[in-house]
Each structure stands twice: as structure tokens, then as C-alpha cells.
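Both chains are sitting in their own frames, so use the hints and assemble them into the complex.
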Amino acid sequence: MIKQDINELEERSIFVIREAKSKFKNVAALWSMGKDSTTMLAIARKAFLGKVPFPVIHIDNGIDFPETYKFREDLARKWKLDLMVVDSEVKPDLSGAACCGANKSIALKKVMEKYGFDALIVSIRRDEHGIRAKERYVSPRDRNFKWNYKNQPAEMWNDYSSSLDSKGHVRIHPLLDFNEIDIWQYIKKNKVPINPLYFSRNGLRYRSLGCTHCTTAIKSGARNVDDIIKELETTGIEERSGRDQDKEKEYVMQKLRALGYM
Amino acid sequence: MASGKIKEVVEELWNDPQAKNWEKFSKSLKGSGIKYYKVVFERENKLRKLDDLRDSYVALYDGKSKQIYKVPLIKKDGKKLRGATIYLKGLLNLNK
Chain A
1 MIKQDINELE
11 ERSIFVIREA
21 KSKFKNVAAL
31 WSMGKDSTTM
41 LAIARKAFLG
51 KVPFPVIHID
61 NGIDFPETYK
71 FREDLARKWK
81 LDLMVVDSEV
91 KPDLSGAACC
101 GANKSIALKK
111 VMEKYGFDAL
121 IVSIRRDEHG
131 IRAKERYVSP
141 RDRNFKWNYK
151 NQPAEMWNDY
161 SSSLDSKGHV
171 RIHPLLDFNE
181 IDIWQYIKKN
191 KVPINPLYFS
201 RNGLRYRSLG
211 CTHCTTAIKS
221 GARNVDDIIK
231 ELETTGIEER
241 SGRDQDKEKE
251 YVMQKLRALG
261 YM
Chain B
1 MASGKIKEVV
11 EELWNDPQAK
21 NWEKFSKSLK
31 GSGIKYYKVV
41 FERENKLRKL
51 DDLRDSYVAL
61 YDGKSKQIYK
71 VPLIKKDGKK
81 LRGATIYLKG
91 LLNLNK
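For the record, the sequence lines run as chains A and B.
Anchor point for the first sequence: position 13 equals 13 in this note's numbering, and the numbering is continuous, going up by one each time.
Anchor point for the second sequence: position 91 equals 91 in this note's numbering, and the numbering is continuous, going up by one each time.
Any given hint might turn out to be false.
Simulated pairs of lysine to any residue, SDA-like, Cα-Cα distance not exceeding 20 angstroms [what the hints assert, rightly or not]:
no.: 1; chain 1: A; residue 1: 78; chain 2: B; residue 2: 90
no.: 2; chain 1: A; residue 1: 70; chain 2: B; residue 2: 19
no.: 3; chain 1: A; residue 1: 167; chain 2: A; residue 2: 78
Worth flagging that the hints you see were computed from the coordinates, not collected in a lab.
All values derive from a computational prediction rather than experimental measurement.
This is chain B alone, in the form it adopts within the complex (with noise of 0.2 angstroms):
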């Protein structure tokens, strides 16, 4: 896939994190170069309120372990926010 393509997608993902744009992007990883991802937390790693999970985010990074894009942690599920690092399935961990 088109750099340019995954880089939509990911913009989707941070304007509206439906699962429908999880889909689009879980789709589009193969073939984008991305292989790595890293998880990070704001405040120190400790979740204090809901603010903290939506400016926590995942890090991409290509097989030369330099990050390429940042997707949302979560995933809007109606009213509720649900974790969405199932759509990074493939990739592997950075944060060790």
C-alpha cells in the first residue's frame, strides 16, 4: 500500500476512532513498512483519569526501528472507549 494511503487512514483514526477506521488501518499495515509499535502512556505511565487514555497513543515504527506515524490508543465504541491495540496484531513490541 501507498504511503499516502496509510497516512489517510491514519489521519481517519485520529478524527473519528470508529472501529470501521480501525478496520481501514489494521487492512492497510500490510505492505506499509510498519513493523514495530510502541505503547505510550502519559503521566508517568499511570491512568488517573480518562484525558490520560486519550492522549496516550502508539507509536509506529518502520523495520529500521524509526517512527513513521502515531494512532490512537482507544477506539470509540458508542458512548464507551474501548482499547484498540487488537488492530496492531502482526506488529511487533518496542516497548521492551
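Isolated chain A, as found in the complex (with noise of 0.2 angstroms):
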């Protein structure tokens, strides 16, 4: 596992979301309540002095957990977030796909055309997925919502380019960088609040959340940020193997993001 300094991918972010903010007209981020999602808006607010200045988005197909709706509205009223909840259809999905993945696509994207955002905060990592290692920090979409992963901008010497299809969209990505256990450091460092399911009850314990019905627990004793450190810095289970789009198909995810997934 490759170490890498917390202070530098913090700074990095920071960049990313000012340069978002500063380039962009009509910027919003997702949050899904998540480790990640939630550093993000932590980095956030150190970098907007203690607020978050955009509107941050819940795509909610209603089957999430009840301690991930509890702790979204802890958080937004501690954190005074402009906070939108966005619903998706419970629908199945026929294919066998992840159900909640193509409709929670079509929830984001009227939620976008609506509001007019021309840039999205995405708080996903390079670790987590081989499909999400090939992203960049601005990940143009176009008028369809499609990604291009075969023809992306190059991002050399952190320079990321800020130009815009005229009707698409731009995914930011700042914690792209991060791996998981640097989250973990992050959220020790910075006492950022995070979701319970994260810890173990019953010696079971959520390692990556989506909604009820796509996640499942894995075992695991860390009752908390210093025990999940550990764990991980021996574990050779992947993050995500407790969700379902994950096992599906070769390149379900793929196909899921060049749609628009997350």
C-alpha cells in the first residue's frame, strides 16, 4: 500500500474545489452520506471558511438505510447545508445491472437540466474501482450525459481543463487521489463525523455503503477510526466487494458511468 501524506491531498482538493468554484457558474456536489462524500464536504468547508458554498444533492431511491437518513439530517443542520433531496424510482432493473444505478442516472439528470449545474462535485476515488481509476479531476460529460473515457483531457503538472461542452456538464472529482485508508486518516485527523454503519456490531460492519437493498456487511471487529485503520493496513479484501454492481458483469460499471453513474 503506498503511503501517501494526508496534508498534500488535502491541499490538492482544496485547490480542485476552489478552482470548481471559481470556474464554474452553477456548481453542486453529491452527497450519499458515505465516508467519502462526507470528507469531501469537510474539505470543503476548510476551504470556504467553514462553509459549504454550493448546493449538495442526495440522489434518495427511499431504501436507504434509516441511520444514513438520520445521520443526513444531523449533518445538514450542524453543518447548515443547502441540502436537496432528489427522488429516483425504485425500479428493477431487467438487464440485472445495479437497479438503483440507471435510475439513480435519470434522477440526476433532470435534477441537473432543472437547476442548469455545470459542474458536479463526485467524491469518488482511483482506488476504489477500476473503471473509476481511469477518471480525471474534470471529467467532461456531454449533452447526453455520456462519458468519453476513450478521448479525456490530459492532466499533467495539475493542470486540469476547465472547458465545457456547450449543453454538458463537468464531473469534479477532488478526492480522486485518496486511497481508503487515507480517508480513514483524514476523518481521524479532522474528527469528521461519520455514518455508524461504518463500525462493527455483531462483529459485522458496512465497509462501503449504498442503499439496502445493493450492500451487504462484512466481518469485522473495528468498533472505530483506529480500529478500521488497522484492519486495513492488513486487509486484502476489496472496499467495494459488499456491493452488488461491483459483481455483476465485466464492465456493468463501465457501462454505468459512461451513462452517467456515479
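Pasting the structure below:
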């Protein structure tokens, strides 16, 4: 595992978030109440003197964990977030791909069009999934929301392109270079509030959180942030092993992402 | 709240899972002795058709992990189906 400097990662994220806010007219962020997007909001608060200066969107299919809803309400109140809850329908996906992926993308598309957001901050990390490793810090989407992963702007020497398709938008990925363990180190260092489902009860915990349908718990005795960091230093199990969409057929995640999934 | 009252609310929910009945359920949770929930999806955790959602349910347990009620997973919002887990706020997960 590559050890990275948390302060350097934070500086880069702050730079990317500030640049996004200054270069684009209408910025929003996605918040799933998971560890990554909550960390991103904590970094955004640092970047803007304690306030998140853009709307925070939760795409809600109605079957998230009750603990997640409680966490959303508590933190939105505490951090005075401009929270937008967008309902996505619960519909089965007959193709067998992740059911929420396609439906969440449709709901996201509607809200982006309705409010005219031209930049969307998404807290994905390269180490989560092979397909996400192909991403850029600033990643253009065309007017149909499609991601052309075969033709992406080069990002050399921390130089990011902010050019935009006339009716498309860009995805901003400020946490792209964080690893899972870096996120937990950051949470520990900055005392970031976190969803209680990450901590073990009865020998099980959630390592990656989605909705109740697509998420399963892993065996773990980690009852606090220190335990989780220790666990991650030695584990050989993939982070998203408890997420259904990652177990689907080859390239399903790539197809979902190409269509607009987070 | 008396257990008879919440039993009635749960029955109403199964008959008609509209928002007003979910609101009633949410209010009656306090003092009902219900502490844990477990979401149970039919068909080996795969969602293939709408009936799978209607057949899915949430099992509710008391502090000694004894199952005492089952409630639907869905809320009817006009003709649309919505998930209803937000009404279970305050309960603890037993899926893990």
C-alpha cells in the first residue's frame, strides 16, 4: 500500500474545489452520506471558511438505511448544508445490472437540467474500482450525460482543463488520489462525523455504503476509526466487495458510468 | 404506546402503505419496544420485477432481537412506488 501525505492530498482537493467554484457558474455536489462524500464536504468547509458554498444533492431511492437518513438530517443541520433531496424511483432493472445505478442516473440528469448545474462534485476515488481509476480530476460529460472514457483531457503537472461542451457539464473529482486508508486517516485527524454503519456490531460492519438492496456487510471487529485503519493496513479484501454492482458482469460499472452513474 | 395500537397501525400499513399511514407508524415507534430492523428482499437479494419489491418487507425486532412485526418496504405515492425506510429512523440495523 502506498503511503501518502494527508496534508498534500487535502491541499490538492482544496485547490480543485476552489477552482471548480471559481471557474464554473453553477456548481453542486453529490452527497451519499458515505465516508468519501462526507470527507469531501469537510474539505469544502475548510476551503470556504466553514461553509459549503454550493448545493448538496442526495439522490434518494427511498431504500437507504434508516441510520443514513438520520445521519443526513443531523449533519445537514449541524453544517448548515443547502441540501437538495431528489427522489429517484425504485424500479427493478431487467438487464440485471445494478437497479439503482440506472435509476439514480436518470434522476440526476433531471435535476442537473432543471437547475442548470454546469459542474458536479463527485467523491469517487481511483483505488475504489478499475473503471474509476480511468477518471480525471475534471471530467467532461456531453449533453446526453455520456462519459467518453476513450477521449479524456490530459492532466499533467496539476493543470486541469475547464472547457465545457456547450450543453454538457463537468464532473469534478477532488478526492481522486485518496486511498481508502487516507480517507480514514483524514477522518481521524479532522474528527469528521461519520455514518455509524461503518462501525462493527456483532462482528459485522459495512465497508462501502449504498442502499439496503445493494449493500452487504463484511466480517469485521472494527468498532472505531483506529480499528478500521488497523484493519485496512492488513486486509487483502477489496473495498467494494459488499456492493452488488461490482459483482455484475464485466464492464457493467463502465457502462453505468458511461451513462452518467457516479 | 400500547402494543395493540402499533399492531393496528402495522395492519393499516399492509392494507394501504400511503404516506399518512407511514407517518402514523413513525410516531408510534417511540415506546413500542421496537429496537432493530432487518430489510428482507425476496428472490435472493435480486430485484428483477416490481412484485419483488412488493413481496419484500422489513422485519422489526425488540431489544432481545425477537421479531415482533413485519412492515412493507414500500410507500405508495400516487401511482408511483417509493422506498419507505426513512420512516424507520431511530432503529438499528440487524442486517449486519
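Hints, one by one, checked against the model:
1. A:78 <-> B:90: holds (18 angstroms)
2. A:70 <-> B:19: holds (18 angstroms)
3. A:167 <-> A:78: violated (35 angstroms)
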